[in-house]
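Student: Here's the letter readout for the chains.
2 protein chains.
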Amino acid sequence: MQLIHTLKEAYLAYEAKQSFNPTYPTLYNPADYILKLGGKKMRPVMLLLANHVMGGELEKALPAAYAVEMFHNFTLMHDDIMDKAEMRRGQPSVHIKYNTNQAILSGDALAIMAYEYVLSNYSPELGWNLLRIFNKMALEVCEGQQMDMDFEEMDEVEISQYFKMIELKTSVLIGAAMQMGALIGGASDEQAMHLYEYCKNAGIAFQVQDDVLDTFGDQAKTGKRVGGDILNNKKTYLYLKSLDLASANEKERLNELFSSISSDEQAKIDEVKGIYKNVHVMEYASQVMEAYMQLSDSHAKSLELETEKEAFLLKFSSMLVQRES
Amino acid sequence: MQLIHTLKEAYLAYEAKQSFNPTYPTLYNPADYILKLGGKKMRPVMLLLANHVMGGELEKALPAAYAVEMFHNFTLMHDDIMDKAEMRRGQPSVHIKYNTNQAILSGDALAIMAYEYVLSNYSPELGWNLLRIFNKMALEVCEGQQMDMDFEEMDEVEISQYFKMIELKTSVLIGAAMQMGALIGGASDEQAMHLYEYCKNAGIAFQVQDDVLDTFGDQAKTGKRVGGDILNNKKTYLYLKSLDLASANEKERLNELFSSISSDEQAKIDEVKGIYKNVHVMEYASQVMEAYMQLSDSHAKSLELETEKEAFLLKFSSMLVQRES
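From first to last, the protein sequence lines stand for chains A and B. The numbers in this note's numbering rise by one with no breaks, and the one at position 88 of the first sequence is 88. The numbers in this note's numbering rise by one with no breaks, and the one at position 212 of the second sequence is 1212.
Any given hint could turn out to be false.
Rough simulated footprint, nothing fancy, chain B against chain A, three-plus residues with beta-carbon under 8 Å [unchecked claim]:
id	segment
1	21 to 30
2	78 to 85
3	110 to 119
4	183 to 192
Below, a list of computed lysine-lysine pairs in the DSBU-like style, where the Cα atoms sit at most 30 Å apart [said to hold, decoys possible]:
id	chain 1	residue 1	chain 2	residue 2
5	B	1084	B	1164
6	A	268	A	251
7	B	1036	B	1277
8	A	268	A	36
9	A	97	B	1084
10	B	1084	A	84
11	A	97	B	1234
12	B	1315	A	97
13	A	17	B	1136
14	B	1136	B	1060
15	B	1017	A	164
16	A	8	A	221
17	B	1136	B	1221
18	A	41	A	60
19	B	1315	B	1041
20	B	1234	A	136
21	A	136	A	234
22	A	136	B	1060
23	B	1164	A	97
24	A	36	B	1136
25	A	84	A	60
26	B	1224	A	136
27	A	268	A	41
28	A	17	A	60
29	B	1041	A	136
30	B	1036	A	136
31	A	136	B	1017
32	A	60	B	1136
33	B	1097	A	97
What the hints contain is simulated information worked out from the structure, not anything from laboratory work. This one's a predicted model, so the numbers in the text were calculated from it and none came from an experiment. Cβ coordinates follow ideal geometry from the N, Cα and C atoms, glycine included.
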């Protein structure tokens, strides 16, 4: 995946050269802070990748890549307030380092700056199409965050609702990044839509894998405490599907465990994992990831690219979901 | 001002027909709530007025008018959190009626919906120009809110900074509303810029008058408690200019009064008003409003409209600032 590395380096070099209006440091320093916390820069890289696959020039896609990364960081700033997440990429979240009011306002400004990068760097013809995709995605991300918040209050969440939530909250953003990159690279609307679907469906598989790793992963590899979702009573795929599969007793017990905070954290994690294993939920998770990856692959193939490029896309999405890239 | 009344009725009829995606009631109900709290609808009406003056069709300007009103209400939702304002138009603010997280997220969605109305209702050629104006304004409004927040922490605020703050926080929005309306109505970029400046400068005079009314107004007419700014230690024009004009003793006393919360509220209001009167700050306020109105008028005249339309604009801005419209 040398190409991914090259695109990421190019993106980072571009990002490092950008700066916010120095007249308002209190407004823009928090934006600068979160962008410099690092992260995988997955979204801008995927935009650049789609542009590259369609034969576009790297330079032309960089401002849109930065816009997508800014938008993503805006959502992190606001989501971290809502989710009471005190850490982000191993450092204090913006509302902890600064304060909640500042995280609200700097987040707003960062979102608006994202639009500004599209408006200032593209022609009306291309830019208009980019903004329509971007804005549709932006609204869907809000709807996904809302569903996630609503789930906390709901007694019963259907698995279809769970998939809709992760699609909106995380997958449409990477899908839109690729769709935008494709258009910048000269793709037809249809090709751009295939890249959107390729990426969106891989993104859903990625998110299911994320849930799996949170519960069954290796802390040394993921860097996150195993069982975090269980302790936070998060209604993940594993939990929802296990409810479907469980016996009456197991179902009751799962409901009990997920409606309280346990004093013995490890015992709770172990008991829930025990039920998950009993009902063989991992087999279902693998099947569902497989199905989304097949859907993703079919869109990659519909692009009718050169063999080498097609193979690259198929390998890339697979490595992404398996966390090998 | 029959025309203003007619435009407002047309706007209200349009707004009443719009609805948000019913799939996500928790997300959009707060947006619906704040829009239905009423308010003067000054910004959309001004957009429609500029469109009308330039000979445009009413129907074509309505979506942009709604976009501007949605954006304004997004800023209110977030500002009310930051300012800890529990009431809005006589009703609980969104973060009080719902909760802070919901006000953050629904505000975000409302801002994005504002962009959506421009993206969905205009051609790329016109819409691109509208969005460039809109987005520049959106960023400036954030910068103005930031300046306002920064002022609370600053020992010394210069009067020029105060004017920059009110320009950004409130005037650029009505200016941009008129500029957008003008372009929809077929104005040249230059004409649209004159309407922007006409409205922005009248808006600054309006804001100074707002400060004056807060301190010297008649509660029966304004509906607000007289002296609110004094009790909140707000660094308004009256306060800042009085510091310039005051004797050393008065200056020290003003500083003292504005750096603490008084237990005897009426005594504080009376003492501050006493100093304001001693230094004749109202004469300066009148002069500065006059200067901004002259600037506003000069831009209205630069439009070279028919005599009747020009007279209407001059009368309208004057009535607006005097709160007679």
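Student: Of the numbered hints stated previously, which ones are contradicted by the structure, given in increasing order?
Tutor: As far as the earlier hints go, 4, 7, 8, 12, 17, 20, 25, 26, 27 are violated by this structure, in ascending order.
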